[in-house]
Each structure stands twice: as structure tokens, then as C-alpha cells.
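Chemist: As a plain string of letters, each chain reads:
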Amino acid sequence: MAKAKSWLEPHPHGLYVKPADLWIDPSRPVERAAVTHGHADHARSGHGAVFATPETLAIMALRYGVDVEASHNQAFAYGDGFERGGVRFSFHPAGHVLGSAQILMEYAGERIVITGDYKRRPDPTCAPFEVVPCDIFITEATFGLPVFRHPPTGHEIAKLIGAVRAEPDRCVLVGAYALGKAQRVMGELRAAGWDAPIYIHGAMEKMCALYAAHGVDLGELRLVSETDKAAMAGQIIVAPPSALNDRWSRRLPDPVTAMASGWMRVRQRARQRMVELPLVISDHADWDELTTTISEVNPKETWITHGSEDGLLRWCELHQRKARALHLVGRDLEEEA
Amino acid sequence: MKAFAALIDRLIYTRSRNSKLALIADYLTHTPDPDRGWAIAALTESLDFPAVKSAMVRTLLATRVDEELFRLSRHFVGDTAETAALLWPEKPIPFRGGVGVGSVGLAQGRETPPAATREQSSQVSLPSPEGEGEMSVARAVDALSAATRATAPAILASLLDRLDADGRYALLKLALGGMRVGVSARLAKQAFAQAFDVPVDDVEELWHAIPPPYAPLFAWGEGRAERPDLKDVAFFRPFMLAHPLEEATVDLADYAAEWKWDGIRVQIVHGGGETRIYSRGGEEISAAFPELVAAFDQDAVIDGELLVRGDAQGGEAASFNALQQRLGRKTVSKKMLAESPAFVRVYDLLAVDGNDLRPLPWTERRRQLEAFVPRLADSHFDLSQVIDAKDFDDLATRRAGARDAAIEGVMLKRRDAPYVAGRRAGLWYKWKRDPLTADCVMMYAQRGNGRRASFYSDYTFGCWSEDGELLPVGKAYSGFTDEELKWLDKFVRDNTLNRFGPVREVEKSLVLEVAFDSIHASKRHKSGIAMRFPRISRIRRDKPAEEADRIAALLAMVT
Ligand SMILES: [Zn+2]
Ligand SMILES: [Zn+2]
Chain A
9 MAKAKSWLEP
19 HPHGLYVKPA
29 DLWIDPSRPV
39 ERAAVTHGHA
49 DHARSGHGAV
59 FATPETLAIM
69 ALRYGVDVEA
79 SHNQAFAYGD
89 GFERGGVRFS
99 FHPAGHVLGS
109 AQILMEYAGE
119 RIVITGDYKR
129 RPDPTCAPFE
139 VVPCDIFITE
149 ATFGLPVFRH
159 PPTGHEIAKL
169 IGAVRAEPDR
179 CVLVGAYALG
189 KAQRVMGELR
199 AAGWDAPIYI
209 HGAMEKMCAL
219 YAAHGVDLGE
229 LRLVSETDKA
239 AMAGQIIVAP
249 PSALNDRWSR
259 RLPDPVTAMA
269 SGWMRVRQRA
279 RQRMVELPLV
289 ISDHADWDEL
299 TTTISEVNPK
309 ETWITHGSED
319 GLLRWCELHQ
329 RKARALHLVG
339 RDLEEEA
Chain B
387 MKAFAALIDR
397 LIYTRSRNSK
407 LALIADYLTH
417 TPDPDRGWAI
427 AALTESLDFP
437 AVKSAMVRTL
447 LATRVDEELF
457 RLSRHFVGDT
467 AETAALLWPE
477 KPIPFRGGVG
487 VGSVGLAQGR
497 ETPPAATREQ
507 SSQVSLPSPE
517 GEGEMSVARA
527 VDALSAATRA
537 TAPAILASLL
547 DRLDADGRYA
557 LLKLALGGMR
567 VGVSARLAKQ
577 AFAQAFDVPV
587 DDVEELWHAI
597 PPPYAPLFAW
607 GEGRAERPDL
617 KDVAFFRPFM
627 LAHPLEEATV
637 DLADYAAEWK
647 WDGIRVQIVH
657 GGGETRIYSR
667 GGEEISAAFP
677 ELVAAFDQDA
687 VIDGELLVRG
697 DAQGGEAASF
707 NALQQRLGRK
717 TVSKKMLAES
727 PAFVRVYDLL
737 AVDGNDLRPL
747 PWTERRRQLE
757 AFVPRLADSH
767 FDLSQVIDAK
777 DFDDLATRRA
787 GARDAAIEGV
797 MLKRRDAPYV
807 AGRRAGLWYK
817 WKRDPLTADC
827 VMMYAQRGNG
837 RRASFYSDYT
847 FGCWSEDGEL
857 LPVGKAYSGF
867 TDEELKWLDK
877 FVRDNTLNRF
887 GPVREVEKSL
897 VLEVAFDSIH
907 ASKRHKSGIA
917 MRFPRISRIR
927 RDKPAEEADR
937 IAALLAMVT
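Chains A and B, in that order, are what the protein sequence lines are.
If you want the numbering used here, it's the position in the first sequence, counting the first as 1, plus 8.
If you want the numbering used here, it's the position in the second sequence, counting the first as 1, plus 386.
Source of the hints: derived by calculation from the structure; they are not laboratory data.
Quick reminder that beta carbons are idealized off the backbone N, C-alpha and C, glycines included.
Warning: the hint list may mix true and false statements.
Unchecked claim - Pairwise CB distance ranges, derived in the manner of DEER restraints:
1. A:G210 x B:W873: 25 to 35 Å
2. A:G162 x B:G564: 50 to 60 Å
3. A:G162 x B:D742: 38 to 48 Å
4. A:R230 x B:F886: 33 to 43 Å
5. B:R837 x A:P37: 38 to 48 Å
6. A:G162 x B:G836: 27 to 37 Å
7. B:M943 x A:R258: 38 to 48 Å
8. B:F886 x A:P37: 23 to 33 Å
9. B:R837 x A:Q280: 16 to 26 Å
10. B:S544 x A:K13: 32 to 42 Å
11. B:F886 x A:K13: 34 to 44 Å
Could you build all of it, start to finish, from the sequences and the hints given here?
Modeler: Shown next, in the form of C-alpha cells:
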């Protein structure tokens, strides 16, 4: 069996697969990149060729003008893949956002999985995470501290709906990252039976349309900019976190400020963001999901890309699991978590 | 504990005072005794469990959670109680896959998130003696009160084992204090008055006489019992307050004039064998001023100004700055007692020798006060003098000429008025010295809170140093109209140079006329000065920034 360290090199700006001359989620432009998902800290513009799921490529086309039709960019459905330089690459659902994938690499009898970002709990807007057995498991650790235990999503959604109903003269403005979190919140609301139109910030319009085009039904969405202030009383508004306390919010009827993020678990964090209604809804694995996943995948070694790596390293140490931190840079965890 | 946990959770995120009042009032009307009493005592930091302290919680946690993981978590969260609440392991439950330390299984593709699973299991495995699996606040208080240093860890552990994360947070905050939900004693009393539709002055008076969990207070509030009898209790009487004297004049035949002192208003009560000192809000501050407690040995209730003597003022009353050093302390060092000795300048007598003087006119109370003050030790108490002015103009002249740093202005008290709680029209006026003003340049702006969250409404401003450098001299967030706020907000957005989180640095071009009550030397500020009560009095769009005031001009106003 080949030694992983001889063919997969961690660099601060990404993972380099030597025999294939290909980078995974590089944070600077390269000739060949395999991309786990469309978030900006994983997908960048300016690469020569991109290998990704069809949804991720579509997201990259929307966000960075990547040409989906160009022959050097290749799309692979879940389970599919390609071979290059003797390395077999394949894409498997990560459960993080639409199109998010873990990438499995097989080379000389050794299997390595890189998760990108992932979560384990159900999400109506994307395919669920699959456990892919491997020798080396390269995981994220955004919430790699045992204080992070996300409550059941249904519980948080019920809190949101309860808040809207409690004050019918106001509206609830939910800050949610424009790719993934926003659509997840909408999807969860629909699943909970909220069938009123959902009002959105203009910056999310195209991404929501992209989700719909990929078969994710978000119900009726209306633009805040095209709606009377009074008509939004008793309604739910979804906007990027940056719009929460911006002048934009003045067009809303006395909004209750909510924010959907795993960071909302910590009260002082939520207070700092001037949030009145914290919703602990995350697209990243919480502590239990991280540790359970490592146990289920049961790799020989665990590598940690980004997040609270110290916490997860300590857990691995306590469970006699070999682990190391890769210290990848440029992974921005604040907004999308 | 669930309802209490939900209440503090909502209070943490609620910034508006009215919403806080409504939340607490709702809790008080829907929660039975004695839980609501203990809860409100916890909110106002009126509980203390000597056996339960942070260090003990950390030690206890180390028995359940890896110390390194606790350390990392504590560092991230920044608060011991919250870290402990989040980290405390839920009851172990069976699951497939077998993982250790604080992990639970996750059935794939099924909606069985960890927290739900744990919650259900703890309900099943822990039938409560109280029937519904809910631990009451009272039960927790009883258990914590009974704890000794030896038994406290086991008692706290058994309580934590029976709660979910929010409940654990509430319990630990209740046990350790430091609730930080923005609920003052005053707000709690107002919520009580609102909940039961009773006068807040009565609540104020009764509150201090009745210990938690305040059962007789709730019984009275709900109309189930008479107003509790306060004989032989050193209880607080709500203060009589003054309106500002705006543009008006008064006839000194009807009103007596006294100096208004720049200290803190206190009430000293001796009753039932003990002496207590209360501040404006009715909070007891006896512990910060033990020398006054010891010196006040008469059966009486006085109203006066607490001041400290400072050397700089030749043993006279020193400015508010000197007093601040002693405020808010739970214990006072010998050094402090020697360097900043406190005394009270007495201006009213509310009760003496068992007689309530409050219904009497000011003239009569004053007569009795002058006869009473000699009964007190002159080292710690003196009589606030009545200003013997010929007429209102004479008074105005004296007011303008007052140079004593401890004088804040003049009080005008209606001679025939009884002592009544709160602010009543026409009875008492405060006539502050004209505010000082300075022309300053806006330097930074920060977003406000609540309704102002989308506006840059907090401004840091500066004046010019001798080397032509702009140095911050203060911060203000009031004094302007809504229209002016809109204009200022736009100015900030259009003239931003830099952003630091919620703060924007602006082009140094806008002159603000800032009004303030006084100015003091301060080592904490690079400019060497600090303003008291600064507010924006005018926006000087007409004035070029170079013509704003120099620090030297402000230094000349230092008292
Ligand atoms: Zn992501
Ligand atoms: Zn990421």
C-alpha cells in the first residue's frame, strides 16, 4: 500500500494530489481543481479546469461566471468519478448544501476521503451524507468543541414560527447565509407547514431560483423590494446576515431580528450580533456528529482541515485515534456556519 | 425551572425596557409561589449561596468532562456558567456504534438528532418526585441553600443531571449570580406593579422589608391579603424626586432653596435594631459605607447626599470622581476608608423616634431636622444649609457664582409640601448650573441598540491638542432629534474612512457642540480629561473643524 504522505500533500492553500497534478478546494487559482461545494472558501474563480458535481458547477457558474459548458470543466453525479494519474476520484453526498460532495480518492490500494464541509442531520434541500469507509478521513471541524450541540432543527423552526405568530404586527427577519442556509430555512419552514409566501432579500433571488431549477421546491418567494411594508407584517423575511442591521431593514415592519447559525448556541455570540431570536440551525456537523462520524468511518488516521481543530484532536487523543491538523488557511467560518 | 430558563433566555436577547417588563410581568402572573419569588430574587441578584462558587463548578466539571476540552470550551465561550451548562453530559443512553466522551449515536437518515434523543431518555429514566419531570426553582434553591462546602458538588451534580442545557444555564446563573440580563431591582419592581396593577411606590416600600421569596408581597398583589405591616423593619421609603426647572421662576416665599450636591442620594434607615443605607433605586449599599452604618445610631430615617471628603478640596466635599471610587464595592479597605472618608449632608427627615414625618409640610420637617442633626456624630453627618436668598434674582446670581466642585445647582422645595414618593408637579424643582459646552469634532460612530440598531447613533468626538492632533474627549448618544439623527447617520455613512466591526471612523470634518455638566481630569484618556453627562447640543455644520475647541480650553473648565 502506498503511503498517503507520498501522494497527497497538505498545503496552507489546499490539498495537492501529486500523481494527478490536481488540487482539492484550493484557495488560489490553479490549473486543475476538484471542488467539494460552492461556498467561497472552497470554490474560487480562476481555475483552469474544475471537477465537481453538476450542482456545484452551476453554483460556480452563477457566482463566479465559471463556464459550465466548457469541455475542460467536468460534472459528476454522486457515485461517479474519473481517473487521473492512476488516482480514482469519486463524489459522494456530504449533506452540507445543494451539490456538496465528499471526494474519495483511491490510489495504490489506499483510500482517502475529504469531506469538505458536512452535516449529518436531514436537510430538505440536499442529499444526505454517506459514510464512505477509508484509510484516511480528512474532516472539517467548524464546531469541534463539545459545547456545540445543535438542537433538533424542528425545535428551532417551531421557535421561529412561534415568534411570527406571537407578534402579528411585526415581522421576523432571519439572517441566513445566501447559499445553503437560506434555502434550508425555507425548506424546513415548508416542511413544518408554513405555506405563506416567504419574503427575500434581492441578493438571494438567483440562488433560490437555482435551487428550484434543481428540483428543490421552496414554495412561493417574493422580493421585499417589490412588497409594501404593511403587507409583510406577520411574515417571515430571509436576508443575508449582513443586511440584518443595515439600512435595508428599515423597509420592514418593526422586524424581530433572528439569525440562523450554529454559533447561536453560545449566548454571548448571539448577543454580540444584536440578535433577538437566535436559531441554532447549522449546515455543519456539531460535536456529536463529528465524533460519531469519525467512529463510524473508523479510519486509520484522521486529518482535520479547519475549525476548532484543537478540540477534535483532543477527542481523537482520548480515543486513541491517530490524528493531525492541517491548518488550511482562508477558510471563513463566520457567516455560513 | 423550564419557565424560568425560558424567561432568562428571552431577557438576554430583549433590549427594549417595555418588552422586558412585559416578559417579567407575564412570568409573575403565570408562575406559582414560591418559584416566582425565588426567580425574581435571582434576576435582581438578591440570592447568595456561599457554598457554590465558580471554582467549585470547574472542579465538579472536571469529574465529568475532560479538563482540556473544558479549557478550550471555556476559552471560546468566555463564561464559566454557560460553558458548564453546555458541556455537562446528558444521561448516557444506549445507541449503536459505541462512542465515548459526550458522544451519542446518530441513526443515519432518520430525524433523531442527539438532543431530542437525550431529552426523551432523561424524562423516561428520571421519574420526578414532583410528578411531571420538572424540577421547580424552589426545589433548586432549597437544595443549594442546604449545601455545605462538602456536600455542594454532589448536590449541584444531581440538580444538573435533571435539567436540559437551558435549564442548566438557568440553574448555574441562579447559583453563581452574574445573571447579566439587564434587570435592575427597579425594573423588577415595576414589572411586579404592572403584573398585579398595584402602585409601584407601594411595591418599592414593601420590597425591602420582605425577604425572598416575597410570599406576603404576592398575596397582597393578588388581593388575597392585606398590605404587610412594616413595623420594626429597616425598610426603604421611595424617594421624593424633583422636576427640572425649565425657564420658569418661583416665588421664594413659597419655595425654600438648598444647594444641590453632586454626590449620590441616599436614605439611611435605622429600625428594628439595624441600620441600612439605600441608594436612589432602593438598592442597599450599606456594605460599601460601613463607617456610616456604624455612626448612625438614632431611631430615624434621613434623606441626604452621600459625599466623600478629599484632600484636594481641603477636607470639603470632593467631586463626584472621588466618590465613584467607593461606589459599588462589596468590601472597603482601610486605606480607602482613610483616603476617601464618606459623610452625609442631610436635607430631610422622614421619620424619627417611631413617628412618620412624611405627611408633614417641608417647613415642619425642616424644623425637626435642624433639631435632630445634632444627635448625629458631626464627623459623618452635617446639615445641608438653606440658601438665604433675598429673591429669585439673588438666587440666580448665587447659583451662577457657586464655585464649589460638589455643587451641581440649586433645589427648590415647596414649603408646604409633604414628602411624597416620586416626581410630583410643582413640589420640588432642580435647577442645575448651566451646562458647559465645547465645540468638538466627530471622530468615530457606532451603531445604537434596539430601535436605533440601523443608525450610527453613538459618537466619539475630540478636540485639538497643542500639536494639532485630534484627541478623543468623550462619547455621546443623546441630545439630538430624530431628524438630526437621520442626518448624522447619513453623514457617517457618506464620510466613512475605516470600519472596525460595528465602529466607523469618519472624516474629521463635522463640528458638534457638546454640552456637559462638568469636566474632570482623567488618566484613562489620552486627552487627560473626562466629561460628565456629555450630550450633543447642536450640530455645527457652519463651523470648520479647525475652529473646534482646543484641549487647553477644556482643561480650564476642570473642577
Ligand atoms: Zn461550506
Ligand atoms: Zn467551509
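Chemist: How does the Cβ-Cβ distance of R837 (chain B) and P37 (chain A) compare with 38 to 48 Å: does it lie in that range?
Modeler: The hint (38 to 48 Å, Cβ to Cβ) holds, given that R837 (chain B) and P37 (chain A) are roughly 46 Å apart.
Chemist: Just to be sure I understand the hint, the distance between the Cβ atoms of G162 (chain A) and D742 (chain B) should be within 38 to 48 Å; is that true here?
Modeler: violated (60 Å)
Chemist: Lying within 32 to 42 Å: is that true of the beta-carbon distance S544 (chain B) to K13 (chain A)?
Modeler: violated (50 Å)
Chemist: Please check whether M943 (chain B) and R258 (chain A) have a Cβ separation lying inside 38 to 48 Å.
Modeler: Between M943 (chain B) and R258 (chain A), where Cβ atoms are some 39 Å apart, the hint holds.
Chemist: How does the Cβ-Cβ distance of R837 (chain B) and Q280 (chain A) compare with 16 to 26 Å: does it lie in that range?
Modeler: Hint holds: Cβ distance 19 Å, inside 16 to 26 Å.
Chemist: When you take the CB atoms of F886 (chain B) and K13 (chain A), is the distance between them in 34 to 44 Å?
Modeler: For K13 (chain A) against F886 (chain B), whose Cβ atoms are near 42 Å apart, the range 34 to 44 Å holds.
Chemist: Starting from the hint 33 to 43 Å, judge whether the C-beta atoms of R230 (chain A) and F886 (chain B) obey it.
Modeler: holds (36 Å)
Chemist: Between G210 (chain A) and W873 (chain B), is the Cβ distance one that fits in 25 to 35 Å?
Modeler: Distance hint for G210 (chain A), W873 (chain B) holds at roughly 27 Å.
Chemist: Measuring from beta carbon to beta carbon, are F886 (chain B) and P37 (chain A) in 23 to 33 Å?
Modeler: holds (31 Å)
Chemist: Quick one: are G162 (chain A) and G836 (chain B) within 27 to 37 Å, going by C-beta?
Modeler: At roughly 30 Å between Cβ atoms, G836 (chain B) and G162 (chain A) fall inside 27 to 37 Å, so the hint holds.
Chemist: Determine whether the Cβ-Cβ distance between G162 (chain A) and G564 (chain B) falls within the hinted range of 50 to 60 Å.
Modeler: Violated, at about 33 Å.
Checked against the numbered hints listed earlier, the structure breaks hints 2, 3, 10; every other hint is satisfied.
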